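From first to last, the protein sequence lines are chains A and B. Here this note's numbering is used: the first residue of the first sequence is 7, the next is one more, and so on. Here this note's numbering is used: the first residue of the second sequence is 39, the next is one more, and so on.
The hints are simulated quantities; they were obtained by calculation from the structure and are not laboratory data. These numbers were taken from a predicted model, which means no experiment stands behind them. A virtual CB, placed ideally from N, CA and C, is assigned to each residue, including glycine. Careful, some of the hints might be misleading.
[Said to hold, decoys possible] Simulated crosslink set (DSBU-like; lysine-lysine; CA at most 30 Å straight-line):
1) B/Lys79 - B/Lys58
2) B/Lys104 - B/Lys79
3) B/Lys102 - A/Lys109
4) A/Lys109 - A/Lys58
5) A/Lys109 - B/Lys104
6) A/Lys109 - B/Lys79
7) B/Lys58 - A/Lys109
8) B/Lys104 - A/Lys9
9) A/Lys9 - B/Lys79
10) A/Lys109 - A/Lys9
[What the hints assert, rightly or not] Here's a subset of chain B near chain A, in silico, CB distances under 10 Å, partners left out:
11) Ala68
12) Thr70
13) Phe72
14) Tyr74
15) Gln76
16) Leu82
17) Met83
18) Leu84
19) Glu97
20) Asp126
21) Phe129
22) Ile131
23) Cys132
24) Gly149
25) Thr153
[Unchecked claim] Here are a few chain B residues that sit away from chain A, every Cβ distance over 12 Å (derived from the structure):
26) Ile50
27) Ser121
28) Thr155
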Amino acid sequence: LAKTTQPISMDSYEGQEVNITCSHNNIATNDYITWYQQFPSQGPRFIIQGYKTKVTNEVASLFIPADRKSSTLSLPRVSLSDTAVYYCLVGLNQAGTALIFGKGTTLSVSS
Amino acid sequence: GAVVSQHPSWVICKSGTSVKIECRSLDFQATTMFWYRQFPKQSLMLMATSNEGSKATYEQGVEKDKFLINHASLTLSTLTVTSAHPEDSSFYICSAREPGRGDSPLHFGNGTRLTVT
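Chain B extracted, bound-state conformation:
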């Protein structure tokens, strides 16, 4: 089945630095990928939609200059948290679905735990 892979699975960084998270579709091409964020004991919240070859679409309240998204190929989307602060500490999860199928479910990566100190 379709697999979505994320890297790294966890990262610790200092306040003010930037961190890049990669999301790859391993056995299918994804023109669109989705980035979610999840705080402890809460549900997943959609942050942005990553579109291959064009600008990402951000949900209301998500700062596009802080969360830079690049979808340079059909199998890779990256999320860069710029000038990270402790409040950015969260669990970031990407997802995608196989194109060309009307019933293709959304597949999720295993998430990236970001801790900003």
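Next up, chain A with everything else stripped away, as it sits in the complex:
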């Protein structure tokens, strides 16, 4: 399973764009990159997933370079409610395959 490395913490202000980069140098050919958000005492919530290039949904964008050894989660115009821990996970999206969590990035958004 590919190991991921993220910054331990990041600080931002409301209204700013936040980019969190994750390094996954030994990603395998069939691995997907998935980002989750977790609030205290809640289960992780799926944010976005991608395999290559760029993926965008209503809450975030995910940028993946051609070599796929890293990825960047982009949160546009963050608000106080985006304060949470963000996890980057890499692995197969098969029914019988678990995902291993790294330490995650604690994002703190201030007013």
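Using the hints, position chain B against chain A.
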């Protein structure tokens, strides 16, 4: 979208007693579910993989006789913490993904806070 539900959301029990946590896939069938544990200020740690109709697979260091897993149907997996002790106090989270799709992400329940007194 796919939803995974856990029950109870929190439980307090006395040392030496057993506690059962349920994990249900609400709108899909899950032949496999995963159980994680999370201690305060730490990341999620995979405990075991629950397989419908067969024995669970436990990660190294997780006592299978202490954390009993039963996956009796395609929508329900249970985790029983037997003879609980204060050090078992933690946040337990289950997860599953929809089968049959090559890009199906892992969906997580809302977790169960276990406090052993």
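Each hint, compared with the structure:
1. For the proposed pair B/Lys79 and B/Lys58, the alpha carbon gap of about 24 Å is at most 30 Å, so the pair holds.
2. Among the hinted pairs, B/Lys104 with B/Lys79 is consistent with the structure: their alpha-carbon atoms are about 24 Å apart, no more than 30 Å.
3. A distance of roughly 25 Å separates the Cα atoms of B/Lys102 and A/Lys109; the hinted pair therefore holds under the 30 Å criterion.
4. Taking the CA atoms of A/Lys109 and A/Lys58, the gap is near 23 Å; set against the 30 Å cutoff, the hint holds.
5. About 26 Å separates the Cα atoms of A/Lys109 and B/Lys104, which keeps this hinted pair within 30 Å; it holds.
6. For the hint pairing A/Lys109 with B/Lys79, the CA-to-CA distance comes to about 10 Å; that is within 30 Å, so the pair holds.
7. Between B/Lys58 and A/Lys109, the direct Cα distance comes to roughly 28 Å. Compliance with the 30 Å bound is thereby established for this hinted pair.
8. With a C-alpha separation of about 29 Å, the suggested pair B/Lys104 and A/Lys9 falls inside the 30 Å cut-off, and the hint holds.
9. Straight-line distance between C-alpha atoms of A/Lys9 and B/Lys79 comes to about 20 Å, which keeps the hinted pair within the 30 Å bound.
10. Using a Cα cut-off of 30 Å, the hinted pair A/Lys109 and A/Lys9 holds, with the two alpha carbons roughly 11 Å apart.
11. Restraint check, B/Ala68 versus chain A: the minimum CB separation of about 7 Å is within 10 Å; hint holds.
12. Checking B/Thr70 against chain A: minimum C-beta separation of about 5 Å stays under 10 Å; hint holds.
13. For the restraint placing B/Phe72 at the interface with chain A, the shortest Cβ-Cβ distance is roughly 5 Å, inside the 10 Å limit, so the hint holds.
14. Taking 10 Å as the C-beta contact cut-off toward chain A, the hint placing B/Tyr74 at the interface holds, the least distance being around 8 Å.
15. A distance limit of 10 Å between C-beta atoms decides the matter here; for B/Gln76 the minimum to chain A is near 9 Å, and the interface restraint holds.
16. At about 4 Å, the closest approach between the beta carbon of B/Leu82 and any beta carbon in chain A falls short of 10 Å, and the interface hint on this residue holds.
17. Given hint, B/Met83 at the interface with chain A, holds; its Cβ is 7 Å from that chain's nearest Cβ, closer than 10 Å.
18. Because the closest C-beta pair between B/Leu84 and chain A is about 5 Å apart, less than 10 Å, the hint holds.
19. Using the Cβ-Cβ criterion of 10 Å, the hint placing B/Glu97 at the interface with chain A is satisfied: the shortest such distance is roughly 9 Å.
20. Proximity of B/Asp126 to chain A is violated relative to the hint, the smallest CB-CB distance being about 17 Å (cut-off 10 Å).
21. For B/Phe129, the suggested interface contact is upheld, since its CB lies about 7 Å from the closest CB of chain A, less than 10 Å.
22. Taking 10 Å as the C-beta contact cut-off toward chain A, the hint placing B/Ile131 at the interface holds, the least distance being around 5 Å.
23. A cut of 10 Å between beta carbons decides the hint on B/Cys132: the least distance to chain A is about 8 Å, and the hint holds.
24. Of the supplied interface hints, the one on B/Gly149 holds, with its beta-carbon coming within about 5 Å of a beta-carbon of chain A, less than 10 Å.
25. Because the closest C-beta pair between B/Thr153 and chain A is about 12 Å apart, greater than 10 Å, the hint is violated.
26. Here B/Ile50 stays apart from chain A, with its beta-carbon at least about 14 Å from theirs, past the 12 Å limit.
27. The claim that B/Ser121 is not at the interface with chain A holds, since no C-beta of that chain comes within 12 Å of its own (minimum 25 Å).
28. For B/Thr155, the shortest C-beta to C-beta distance to chain A comes to about 18 Å, beyond the 12 Å cut-off, and the non-interface label holds.
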